[in-house]
Amino acid sequence: MLLARIVGTVVATRKDPRLVSSKLLLARAVDPKGKAEGNYLVAIDTVDAGVGETVLIVSGSSARLAVGMKDVPVDAAVVGIVDAVDVAE
Amino acid sequence: MLLARIVGTVVATRKDPRLVSSKLLLARAVDPKGKAEGNYLVAIDTVDAGVGETVLIVSGSSARLAVGMKDVPVDAAVVGIVDAVDVAE
Amino acid sequence: MLLARIVGTVVATRKDPRLVSSKLLLARAVDPKGKAEGNYLVAIDTVDAGVGETVLIVSGSSARLAVGMKDVPVDAAVVGIVDAVDVAE
Amino acid sequence: MLLARIVGTVVATRKDPRLVSSKLLLARAVDPKGKAEGNYLVAIDTVDAGVGETVLIVSGSSARLAVGMKDVPVDAAVVGIVDAVDVAE
Amino acid sequence: MLLARIVGTVVATRKDPRLVSSKLLLARAVDPKGKAEGNYLVAIDTVDAGVGETVLIVSGSSARLAVGMKDVPVDAAVVGIVDAVDVAE
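As given, the protein sequences belong to chains A, B, C, D and E, one line each in that order. Heads up: the first sequence begins at 0 in numbering that gives the first Met the number 0, then just goes up one per residue. Heads up: the second sequence begins at 0 in numbering that gives the first Met the number 0, then just goes up one per residue. Heads up: the third sequence begins at 0 in numbering that gives the first Met the number 0, then just goes up one per residue. Heads up: the fourth sequence begins at 0 in numbering that gives the first Met the number 0, then just goes up one per residue. Heads up: the fifth sequence begins at 0 in numbering that gives the first Met the number 0, then just goes up one per residue.
None of these hints come from the bench; they were simulated from the model. Note that the coordinates shown come from a computational prediction; the quantities given were computed from them, not determined experimentally. Incorrect hints may have been included.
A pair counts as met if it fits within one copy or between any two copies, since identical chains are not told apart.
Unchecked claim - Each computed SDA-like pair below joins lysine to any residue, with the alpha-carbon atoms no more than 20 Å apart:
#1 Lys69 x Arg17
#2 Lys22 x Lys69
#3 Lys22 x Val6
#4 Lys32 x Arg4
Just chain A, with the same shape it has in the complex (with noise of 0.2 Å):
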């Protein structure tokens, strides 16, 4: 799972009529600091996150199986909030 941060949100109101009751969440990953690393991606939320939490997103398929619908077109998923991060390095 990626760790990462939610930066925003994005509408889309023409879609696939199975994402139309989802929330699309703007997110960047994170390293354990919170500094930004890579790409932006668009996930759907399954736990009611919202913009400047830190999160865990699930990619590719068992991004369906987080948002229950297993024919649900999606391929990043929030699976959880993220309290803390403990790093010893």
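Based on the hints, put chains B, C, D and E in the right spot on chain A.
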């Protein structure tokens, strides 16, 4: 999902017969301000997207669900037209 | 899907028996102008593609559908010969 | 699979209910000499791995098999503790 | 598939029980001239590959088919020994 902009179309006369009725769109991932990031990719259209529009692209096995035929050999599909991206960084 | 150019072929006598009748093509992702971008990959041919041609490559589990045998261990397949790329950036 | 080092743990109280009993490990890909390469990722533990250990991480749909529950929304799992890497370059 | 060179082996005593009888090879992607490109990965051997050989590696869910057991948690497998790469760039 990727935030991307449609930058063109791809013509391929000789192709897998299951792709014959599909529109092939050339896309490029963009950041929330519309700046290109990363390489080009070719996605199947499912929402009547046009050149210049910002869209959502789903990748991997989920793209087959977007196309609505589980046995079509595609790995990227446009599943939404983006109206707005609200960023709060 | 990736836009790629076929740049060669790969010979492998000792291989998984399900790959014996497959042609292995060496490909490289290209941008719409034909400039190479990214690393090389090896794809199974399904449309009689030749060296020098620009093609569409499907990756991941969908490549198995392209090959038409769901139990063949491949993760990249050529599914189309590109005639033209119309870019309107 | 990735060669990675466990560098910490992730605490997430609010998460998908199927992840409640899982240990979330923060990992980073390493080269054979232990030098970090690439971004951080979060993986589910399946072999009682600890911070500082070098491990094998499986990604994608195969991670669900590692966890032993095909409907758990995970995309990375630790499947082995690495004792030694023998390099002959 | 990736063109890669086997550069070593990985020893992991404590691991998922389904991996116990597998040989774990350390590999690195190479270009057609044998120059390393990209990061290291660990792949399961299925064709009796040895250190120093150039091989074909299949990734993702297809690697499970290569291993011949659909429930083994692997995401990379060696499926061929490369005899020659003919490049015509």
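Inset, instruction - Give me the numbers of the hints this structure contradicts, sorted from smallest to largest. - result: none
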